[in-house]
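Two chains, two frames, a set of hints: combine them into the complex.
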Amino acid sequence: MTGEILLRGTGLTKKYGGAFALADADLTIRAGEVRALVGANGAGKSTLIKILTGAVRPDAGEIEIRGNRIEPGSPARMIEAGVACIYQHANLVPAMTVLDNIFLGRQPTHALGLVNAREQRAQAERLLGGYEIDLPLDTVVGDLPTVKQKEVEIAKALSLDAKVLLMDEPTAWLSLHEVKNLFRTIESLKERRVAILYISHVLDEIYEVAQDVTILRDGRVVAACPVGHIDRPELLRRLVGEKLAREVATHSAGDVNESRRGEACLVCEGLTRAGVFHEVSFALHAGEILCITGLVGSKRTELVRAIFGADRLDSGRMMLNGRAFAPKNPRDAIERGVAFVPEDRHHDGLMLQMSVEDNLVMAMLASVSRHGVLQRRKKAAHTMQQISRLGIKPASPRYRVGKLSGGNQQKVLIGKWLQRGTRVLILDEPTVGIDVGAKSEIYSILKSLKQEGAAILIVSSDIEEVMAIADRVMVMRAGKVHGIYDTVRLTEPELISYIGGE
Amino acid sequence: MLAERRRVWLVWHPRAALHASTALPAVLLVLGALFAILKPVFLSQENLISIVHQVAIIGIMAFGMTFVVMTGGIDLSIGPVLAVAGVLAAEVLDKTADSVALATAAAIALSGAIGLVNGVLVARLKLPPIVVTLATLSIVRGGALLMAGPDLHLIRGPRAFLFIGSGTVAGLPFSVLLFLVGAAFFTFLQYRTRFGLSVTAVGDNERAAHLSGLTVARVKTIAYILCSCCAGLAGLIQSSQVHTATATYGMGIELDVIAAVVLGGTSLAGGSGAIPLTIAGVMLIGIIDNGLGLLNVPIEMQLIAKGSIIIGALAITNRDLVLEH
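As you go down the protein sequences, you meet chains A and B in turn.
This note's numbering applies: residue 1202 is where the first sequence begins, and numbers increase by one.
This note's numbering applies: residue -7 is where the second sequence begins, and numbers increase by one.
The set of hints was computed from the structure by calculation and includes no laboratory data.
It is possible that some hints are incorrect.
[Claimed, not checked] Selected chain A positions facing chain B (Cβ under 8 Å, derived; list incomplete):
(1) His1548
(2) Met1552
(3) Met1555
[Claimed, not checked] A few chain A residues facing chain B, derived, Cβ under 10 Å:
(4) Phe1483
(5) Arg1532
(6) Lys1617
Ideal Cβ placement from N, Cα and C applies to all residues, glycine included.
Just chain B, same shape as in the assembly (with noise of 0.2 Å):
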């Protein structure tokens, strides 16, 4: 009785309402509006359309990083997968005389089973992620290296494949439209799901989950699997866009990925994470890449510049987790 009426305020202190999820969205806005103003064509639905287009690949990747994220792990050898999915499709396309079925099967069960070992390295063996991650990303790319050797695989065809990256579905480019069936689906995963709910109850506190009866092992496992199998078809994609495979894509590209969750406010710690904030985070790099582009920035100043505004955000938007506690 006495503790109800002494803490009733909380419920509606202002501070609650003002939560993290308000601050992305707003340098989202304020960068958005910013860029329109200098560039006017910024705003043009092709261009909308081609920042969305530009973000796809690391977008799909980020949403299975935001799971693995979640569970207070991490993935670093999303960058292999991706090149080792298109290798494999090609290689495979070139065999079976070009049935798609079986490349895009294969390519995504070879990243899935990565993501396997991966995750029962983490989950079973208890190995710590970074390390693990950091040595299946040697691994793998040996494993491209070794089955596509240095040089580029020509993709021909057949329209079929090539119409994952480069195809279009009523005016919109097919490789935005699996990021938006992408993102509602995970955002369906996360909130409205057994799995969902397991993933943050593990990042949060992974001792209580086991004693509420929740197997953290298999959670985690599965997070790595999706994590990988995103990065297979993010590999699809690139290779699909660009007509060719080849064993040293995606170098790298895990820090962008884990750039747009960290600044979708997913904790490296464990725990919080949304992966409607995630596609914040992702939309926040489009936005920069495409505006600095529009503005004909000379590259070097890009780099800077992205650099720059990546820390400005995350400070904007840790200050804000800051109050909140």
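Next comes chain A alone, as it looks inside the complex (with noise of 0.2 Å):
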């Protein structure tokens, strides 16, 4: 089944300052074809994109869009010619419809410029009908489930007649059954010739939905052929490099669940908020790593928000190193020892526009300071510890948060809670978004916590993750325990099956 080359880029070429962001790349991609585009942070891959979508101009190099040459640099052109993104995070306006959505800015419109209601939905429904996309036009945006926003996106991606989608970790912030429901949109988009560049950090997703991939290290492509033709640590050396793969292989190899369980450390009974979970119960221990999974929606984040006193319990109770604990703010819980790491860093977790070493210290300002004076020395000491600890790249405290890689920010973040006093680390998704080198890096920090005698809980809708890093595995559906299972005797087949996704 191969098409018609839509998208031609040769000797793709970018230079920030004297490095070189991409060198020298070469990229086709077909109609009707998936390629999978894959490199760990800071390989490339969105230099890659920015050329594509024209928001940054190569410094040399070519695009051929149907065999036409086009002046890179111009977003504009580039949408003309029928390339389109579907960015990680959702480009859209919540408070709109789906409708307004698709066509926001270019709705189809009356003599007097009134929009022509009748012929935008109906220039909707021809769309969505010839893709066999299924949306509610007239649900405001904000109350769909995240796979039926993306599928907006990609519906107004079309709607612009865009023939090349470019898809930037799309899967990002979706559940395992959403995910299947995007592939069959994307199956379904590739029958109708649509070529997709699809980017993403999970390996499974790649070998499951694209026939090529592209593979980026250090700027350049070091690998571009079939999926079926390089296996998976084939892959993944590609990927990383000779080092990095061997860590990542042992990190999925199991050798983590040799655990030496200290004593129960948080123990919940009957946990209860009405509407959202009940009657949960567990007991966390000293020295292990539990992780709660479920699908979207089984009411995870919303059980260890109010385990860390950021939302309220209607019922249940719980204890801590044998005291009661019933925090009314995290403020209460911190001075207990009890820190968490929220699933959105951006929104909940980081300062941006602060440094690192602000970031740092902020759950811990008691610490260093006194009489509310910062006491310098002892700021600047943290930092350097968790620094060199972590290996926040660059190692610069001045360095602003915001402009740190994804991995680096949920180092940052991380962190700001390895501090004395620290019992119980809770985690809600740490490694999303975050590249397969970082990834590894954070498991071998969480590893060493756990060795230390720290109770980490962690939230993770990714069962290989689960698979790798737990200890035991608590499965939530629809705000109950159904299960807590012992990984070693726990295959992923049974896991899947508990989960009651497939």
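Given below as structure tokens:
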């Protein structure tokens, strides 16, 4: 099923300062083809995407679309030529309906400039029917599940007559079930000769959805071939280089499961928040990693937020190290040694305008100040300790957090809790949107914290991750505990069936 | 490993050095040089002191305002607070046989109480700051009029009180000294204290601040109290400078104050802001007023020129910020 070449980039090169962000990269995508684009953070993926969307002008190289040379560097020209990008974070107006979002800014109008509602609806129905996408046109986008929002974005792109779709980590915020839905949509787009460039960190997805793969490392294309020609270990090796690949492999091998579990640290009994979660009971031990997994909507985030005191509990009780624990707000929880790394780093976690140092001390201001005056030496010492312990790059305390890569931002977010007195570390989807190399580093960090006796509670939707790092896994379904299992005696298919995905 | 090699250039990237903080001082220097060439007397020691003397009142108010704006708020009620502080001081002086300590304490305490009310309404009840302080603006002005009526109240003494606005220490007007001490104090507060760091954190990301264990409501409330106290102090300076107090002082002064804060690069959306740059913003307004005055520009042209220069300076500072992103 090889179609005509829709997009061909040759010799694409971009330099920033003295360094090559992208060096002599070639890329072709054919009609009806899904090509995966993979690479660690900083490998040049974003630069390549920005060149293809016209946001960045390459220093050298050519772009042809359907055989016509396109002068690069203009977003308008790329859209006109039929290239559209679905970004990782939604670019929709949540308060408007699906219909309005699809045609935002270019609604069909009457002579007087008023929106021609009938024409708009007809166009939308033709479009969605043509691609077999099922969307409720009159629903407000903010009320839709994430996967449907992605589909709205796809519909929006298609309404622009896009023939080449760039998808930047489309599954980063989707549950297992939703991913399947998205793949069905991609399948139907393929049949209709759309060319798709699929960017993802999740190797499983690449094998499932793509026919071809282009691997970037250090700004260069290190492989471009059908996915069938490259197996997982080889792909990983090309992706991150020899040494890191070995490390990642050992993590997946499950050696972390030899646990020396300590005493029960956090005991939860009958935790209930009306209409959200019910009668959740479990014990978290010192020196273990307990993962909570389940579908999106199984209320895992809500549960851990309540444990942290960020949301209210209606009933149930908790014991922390043998004493009653009933935090009224995050401050209470922090004082008792409970820490929380939220899922949405940008929204809930970091002060993006502030420095690495300020972010690292944010949860421990009391211990780096005396009478309200910051003790700069203590502050700097804590910062340097975390930077070197976590391998935060660049290792500069003054660096602004907003400019760090996703993996390093996550390390900062973890680092701010690594202080004396933290006993329970709760992490919500700690590796979403992080590249393979950084993931492996974060697993190492969590593993060493565990060995130091921390009790770690992780909400994760990534089955591979759960199997790799958890000692025990608690499956939640619709706000209730479905079961708690030892990962040693659990297989991946079993876990999936418990989760209730398929 | 990969990420580090790729990204290291960012650290030394020229744009990182070309931070917004360079633009405003540059504008300040250029404008100062221009006035100095046109009127060499501009650079005389007396004139430089008089510039600071002129801006001391809005400058002191701008310090407190910077913190409020950094938390994503705004305080429009500072004009009436300035007036009510002066009126109350005059009243207390009258009633207590010239107790300066009581008069100043009462004025600052009342200002702080008004700030507390603003803070509680904004931070605890989560009402929009612009509406809350617009309402307290009206209430406090009404209260001042109720207390003092529409008349001027003469303040004849004591000398200690008049010293606040008119005294000099080693050739420096006392109000200039207060401004300088305030500048040092607030700079220290912003960069060296837990409170200062919390203000920046709350403005940058309130949700993250809450999840980090900061008490967001308290930080905001203290910011409003400080802002109001600054306005109260400004009211004392003003009434002692002109030897009178009246309920109508400080009409529209909040606009000058907010202009200085915004010129200093503090984002009205909260988060970024710096006391040293607020000082630069205040000085810019002072230099414009002073320079145009020296050049004998008629008042109507002065107003037009001032507005235009402010817009121009904002455009330059802002372009710099945009570049940075």
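Legend entry - Contradicted hints - numbers only: The structure breaks only hint 4.
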